[in-house]
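Chains as they are written, first to last, in the working numbering: chain S, 1 to 163; chain Y, 164 to 349; chain A, 350 to 1016.
If you are wondering where the hints come from, they were derived from the structure by calculation, not from laboratory data.
Don't take each hint at face value.
[Said to hold, decoys possible] A short, non-exhaustive set of chain S residues, derived as facing chain A with CB atoms under 7 Å:
(1) LEU23
(2) ILE35
(3) ASN46
(4) THR48
(5) TYR49
(6) PHE50
(7) ASP108
[Claimed, not checked] Over 10 Å on every C-beta distance to chain A, these chain Y residues come out as not near it, computed from the model:
(8) LEU207
(9) LYS210
(10) ALA222
(11) GLN225
(12) ILE226
(13) VAL227
(14) ALA260
(15) ILE267
(16) ALA297
(17) LYS342
Note that this is a predicted model, so its numbers are computed, not measured.
All C-beta atoms, glycine included, are put in the ideal place defined by N, C-alpha and C.
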Amino acid sequence: MTGQQAANPQSGSGMSARKKRFLWIGFGLLLSFAITALVVKGLSANVTYFYSPTEVAQNVAPKDRAFRIGGMVEEKSLRRAADGLTIYFGVTDSAHTVKAVYTGILPDLFAEGKGVVAQGKLDENGVFQATRVLAKHDENYVAPEVAEAMDKAHKEAVLKTLK
Amino acid sequence: MFNEKRIAMKKKLLLLLPLLIFAVLASFFVVGLDRNPREIPSPLVGKPLPEFSLPTLDAPEQIVTKERFAGQVWLLNVWASWCVSCRSEHPLLLEYAKTNETPIIGLNYKDKMPDAKAWLQRYGNPYEMSIVDADGRFGIDLGVYGVPETFLIGKNGIISYKHIGPITEESLRNIIIPKIKELKQQ
Amino acid sequence: MIPEIGQFALILALILALVQGTLPLVGAAQGIPVWMFLSRRTAQGVFFFLILAFGCLIYSFIVNDFSVLNVASNSNTQLPLHYRIAASWGSHEGSILMWVFMLGLWSCAVSVFSRHLPEEVVARVLGVMGLVTAGLLLFLLFTSNPFERLFPVPTEGRDLNPLLQDPGMVLHPPMLYMGYVGFSVAFAFAVAALLGGRLDATWARWSRPWTTVAWCFLTVGIMIGSWWAYYELGWGGWWFWDPVENASLLPWLIGTALIHSLAVTEKRGTFKIWTVLLAICAFSLSLLGTFLVRSGVLTSVHAFTTDPRRGLFILVFLGLVIGGSLALFAFRAPRVGTQGKFEFISRETALLCNNILLAVACGTVLLGTLYPLFLDALNLGKISVGPPYFEAVFVPIMALLIVLMGIGAIARWKESPLAELWEKLRAPLAVTVVCAVALPLILGRTHWQSVALLALGFGMAFWIITTLIVSVTDRLRHLQGGLWYKLQRQPLSFWGMWFAHFGVAIFIIGVTVVKGFEAERDVRMTPGDVISVGDYAFRFVGIEDRQGPNYHAARGTFELLKDDKKVRNLYPEKRMYFAHGMPMTEAAIDSGFFGDRYVSLGEEINDGKGSWSVRVYYKPFITWLWGGCILMTLGGVLALSDRRYRVYARKPAKELLAGHTLPRPAH
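Take these sequences, add in the hints, and give me the full structure.
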C-alpha cells in the first residue's frame, strides 16, 4: 500500500526491503543530527542581543560580546575626528546616553535627532565601538526596538520624578 | 492486520504534521502582532501634562504655558511638515475642528517655521494655535517617538489618552470622542 | 470620477470572484455542468475588472490626481512619467492591487490555456483561485483602499520614496509578484486534486509548465532585487539576509524542489503526496512572504507603515488559506494514489534527497528569520539573527545538495547500479578535486582557511560542470550521426535542465570569487588624490552641483585608472530629493565581464579643501551572479518550450481523454 515497505518482498533486485529501509532511516537520522547541530551552533554563535542605553548604563549589557544598541543620535553630539572618517556620537534614550564611535561611511539617513541602531562592542572606557551603523529607509519610520527603548526609559524617568 | 493499522495511523499523524507546524507558527504571529509597539500603553496616561513654555507659530514672541489651557478639555496633536502620515490624518482633524467640540492645539515638532506655515496654508489649519517645539525638548518630555501623536487632556490638566500614529475615523469615533464626552461631564 | 470607476470595478471584481469561488466548486462536487462552465467566464470577467481598476489607478498617477490619497502620498508633479507609472505599485495599497491583478492574470491564463482539461478540474482550479482572489479583494477594499479620496485636495503631492525611483525598482516588484502569484496555479491544481481525489501523472503534467513559468519569474524577480540592492543601497552587498529578501528566497527554494518533484511524479508516478505538500507550501510561503512583511509582524527595512487592523486581517486570511489547505491535505491525502517503487541508488533517490535538502534549507532560513519573533513572544529578549547564521547553515546544506545534483543528473531512473555510476562519476570527481585544490593556489592564496573556502566553492562549480558534460556525452553515445545532429536530437527539456544547472555553477563561481577576492576601502579623498583597489586605481577629480528633475545632486568625478592609464570617468552622486528632504547615494559602477569597479560618495568633510569621504570597491566576477540567474531562467524557458507541451496544448480535450475517463470520487 504505502511505498517502500516490507510488504513487497519481490520489489527491487539488489537490496532487500529491510536493508533499504534501514539505510533510509540511517541517512535520515544522520542528516537530522547534522542539521540540528548546525542550526543550534549557528543560532547560539550569531544571535545579537539588543540593549537600550539605560541598560548599558546599568551594566546589564555584556562587556565582552557584541550587541546592538538603539536610540536617538543625541543632538549636538556628532563630532568628526581629523581623519574625516571617524565619527563620535551619543546614542540616547532620553534617560541615559552612551558614547559611540564609528569609522567609515554612515548610512544616508544617519542624523542628529534621528533613530539609529548600531552594532558593536563596549571598550574598556565604556565607549561603544560600532562596527555597523544601521538607519532605516523611511524617514518617518522608527525601529520598534528604538521606540520601545525610548518608551521604557521614559517610563522609568517618570516613575523617578513621582517618587 | 494490527500492524497494518498501526502503519496507517502513523501515516495519518505524519500528514497532520504540516498543519501542526503551521498552527504553532500562526500562534506566534498572533502574539507578535499583539506586541506591536503601537499598542504599548503610554506611561504618561493618567499623569499631568509636563510643564512647557514655548512660542506659538503665529506669534513667535509670545510664550505659552500649560496654564493657558487649564479648565478645558483639549487635544494636543504633534505634527510636522516633514511627516507623511500627518497628511493622512489632516482631513479628519479639519473635519473635527469644524464641530467645535474641543480645541485642537498643534505641537509643531522639530520643524522649520516657514515650512510649517506653508504646510498649514496648503492643507488647511485645524489648530486653535500651534506651539513650536523646534528642538524637540518638549517632545522628549512628552515621550514622543514618532509623528503624528495625539494627546487628550482633561480639565484638570491630566493626560487621559495618547494616540500613536495617524488618527483614523474609527479611533476618533470609537475611542477619542467617547472619552471627550466622559471628560466633559466630570 | 476615474477613481470612483476604479473602486466600482474592484467591487464588481469582488462579486464575480465570489461567484468564481463558490458555484464552480459546488458544481464540481455535485456534478452540475452549468455551474462548472461558469468558472472560465467569471475568471475572465474578474480579470477584466481588475484591468479596469489597475488602469484607473495608473491613470490617476499619470494625470497627478492628488485628490486620491495614494497618489498624493506617493507621487509628485516633478516626478518623471515612468516613475509616476511605477509609483502606482510603490505604495502598500498599490502593491496589493498589483498582487490581485496578477492573480487575475494567472486565473485568466488558466481559463484560456485549459481547453484540454476536464471541465471538473478547471472548475475546481479556478474555484480555488477565485476564493483567494476574493479574500485579497476584501483585504484591499476594507483595509487598504487604493482609491481613497483626500479632501481638501493638495496642490502638490509628496514624492515617491527616492529609493524606489530607479529602473530596478520599477521591474523588481512586478517580476517578484508574478512569481509569487504564479505558484497559486500549482497550489490550485494541488487543492483541486485533493478535492477531486484524483492525483496522478496527468495532474503533474498539467501543473508542471505553470510552476516552471512562475519559478522563472521569481528567479528574475529575486535577481533584479539583489542587483538593485547592490547598486542602489550603496553598501556594495548583494544579499543581506534581510527578512524581506528571505521571504522571497523561501518560496524560491520550495518552488525549485517542486519543479523537480513534479518531474518525478510525471515521469515515474512517485512522490505524489510530497509533491502536493510542496505545491501547497510554495504558495503558502509566497503569501507569508508578501503579507508577513506588510503586517508589521516582522520588521525590516522594507516595512510599510504598519496598521494592526491590516495585520489581523492578513493573519486570518493566511490562517484560512494555509490552514485550510493543510487540513485538506491531512485528511484527503491518505486516500490518494500509491507510490511507485525504486531502488536505493537511483535518480529518484537523488531527487528525493535534493528535495528534502531544499526543504530543510528553507526551514533553516525560515527559522532564522522568525527566531527573533519567537524569542520576543516568549519574553526572552530582543535579538537579531545576523548573516553569519544563515551562511553557516545554508552553505553546508547547499554543498551537500550540489554533490547530489551532480549524481542526480547522471543516475538512471528506478535503479542505477553502483559500479556503472562510479564508472561515469570517476572522471568528474578527479577533475573537480584537482581543480578545486589547484585553483586557489594558482590565484595566490596560501592561508589554509581561504584556500579551503575557495576550494569548496570552485569544487561545487566544477562538480556541476563536469557532471553536466558527462550527462551530455552519456546521452550522445548511443546515437548515430554528426555531433550537431546528435545534440539537436536531445529534447529541449534536457537542455532546460542543463542550462539551469549550468547557471547554478556560474552563480557559485561568482559568489566564490566575490567573497574571496573583493576589496573595499573607505577613505577620505581630496581632489587630486589617488586610491588603488585591486588592479585598478581611482583618481578623485572634484565635485560639482547638478540639477535633476526632482532633486539636486553633488556629482563627483572620478577617473578610473589601470596601469596609470585612464579607462573612463565615473560619476557617483549624492542626491537630495526636494519633497522628502532625504539624501540618497547613487553609486557609479564600471561593470565588466570579469567584475565591477564601484565608487560611492559618503559625506563632505568640512576641511576647506573640498574633501569627501569615499567608498570604493573592487568586485571581481560579480556579474557572474546575475549571469548565473539569467542562465537558470533560460533553463526554465527551454524546459517550457519542450515539444511535449506544444503538442499537448494543440490537442483537443476529447482526444486526450480517450480511454482516460474520469472516475467519480467515491464518497
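A quick look at each hint next to the structure:
For LEU23 of chain S, the interface hint holds, since its Cβ comes within 7 Å of a Cβ in chain A; the closest pair sits about 6 Å apart. The closest approach between the C-beta of ILE35 of chain S and any C-beta of chain A is roughly 6 Å, which is under the 7 Å cut-off, so the hint is satisfied. For ASN46 of chain S, the suggested interface contact is upheld, since its CB lies about 4 Å from the closest CB of chain A, less than 7 Å. Hint on THR48 of chain S holds. Least Cβ distance to chain A is approximately 5 Å, under the 7 Å limit.
For TYR49 of chain S, the interface hint holds, the least distance from its beta-carbon to any beta-carbon of chain A being 5 Å, beneath 7 Å. Of the supplied interface hints, the one on PHE50 of chain S holds, with its beta-carbon coming within about 4 Å of a beta-carbon of chain A, less than 7 Å. Interface restraint check: ASP108 of chain S against chain A, minimum CB-CB distance 5 Å, threshold 7 Å, status holds. At roughly 21 Å, the least C-beta separation between LEU207 of chain Y and chain A is larger than 10 Å, which holds for a residue marked as non-interface.
Residue placement check: LYS210 of chain Y keeps its beta carbon more than 10 Å from all beta carbons of chain A (closest about 25 Å). Distance to chain A confirms ALA222 of chain Y as a non-interface residue, since its nearest Cβ pair spans about 25 Å, more than 10 Å. GLN225 of chain Y, annotated as away from the interface, keeps every beta carbon of chain A farther than 10 Å; the closest lies near 28 Å. Distance check on ILE226 of chain Y: its Cβ is at least 29 Å (rounded) from any Cβ of chain A, clearing the 10 Å threshold; non-interface status holds.
At the 10 Å boundary, the C-beta of VAL227 of chain Y stays outside the reach of chain A, the nearest C-beta of that chain being 28 Å off. For ALA260 of chain Y, the shortest C-beta to C-beta distance to chain A comes to about 13 Å, beyond the 10 Å cut-off, and the non-interface label holds. Remark: the non-interface label on ILE267 of chain Y is consistent with the geometry, its nearest Cβ contact in chain A lying 17 Å away (cut-off 10 Å). Every Cβ of chain A is farther than 10 Å from the Cβ of ALA297 of chain Y; the closest lies at roughly 16 Å, confirming the non-interface assignment.
Separation of LYS342 of chain Y from chain A is adequate, the least Cβ-Cβ distance of about 19 Å exceeding the 10 Å criterion.
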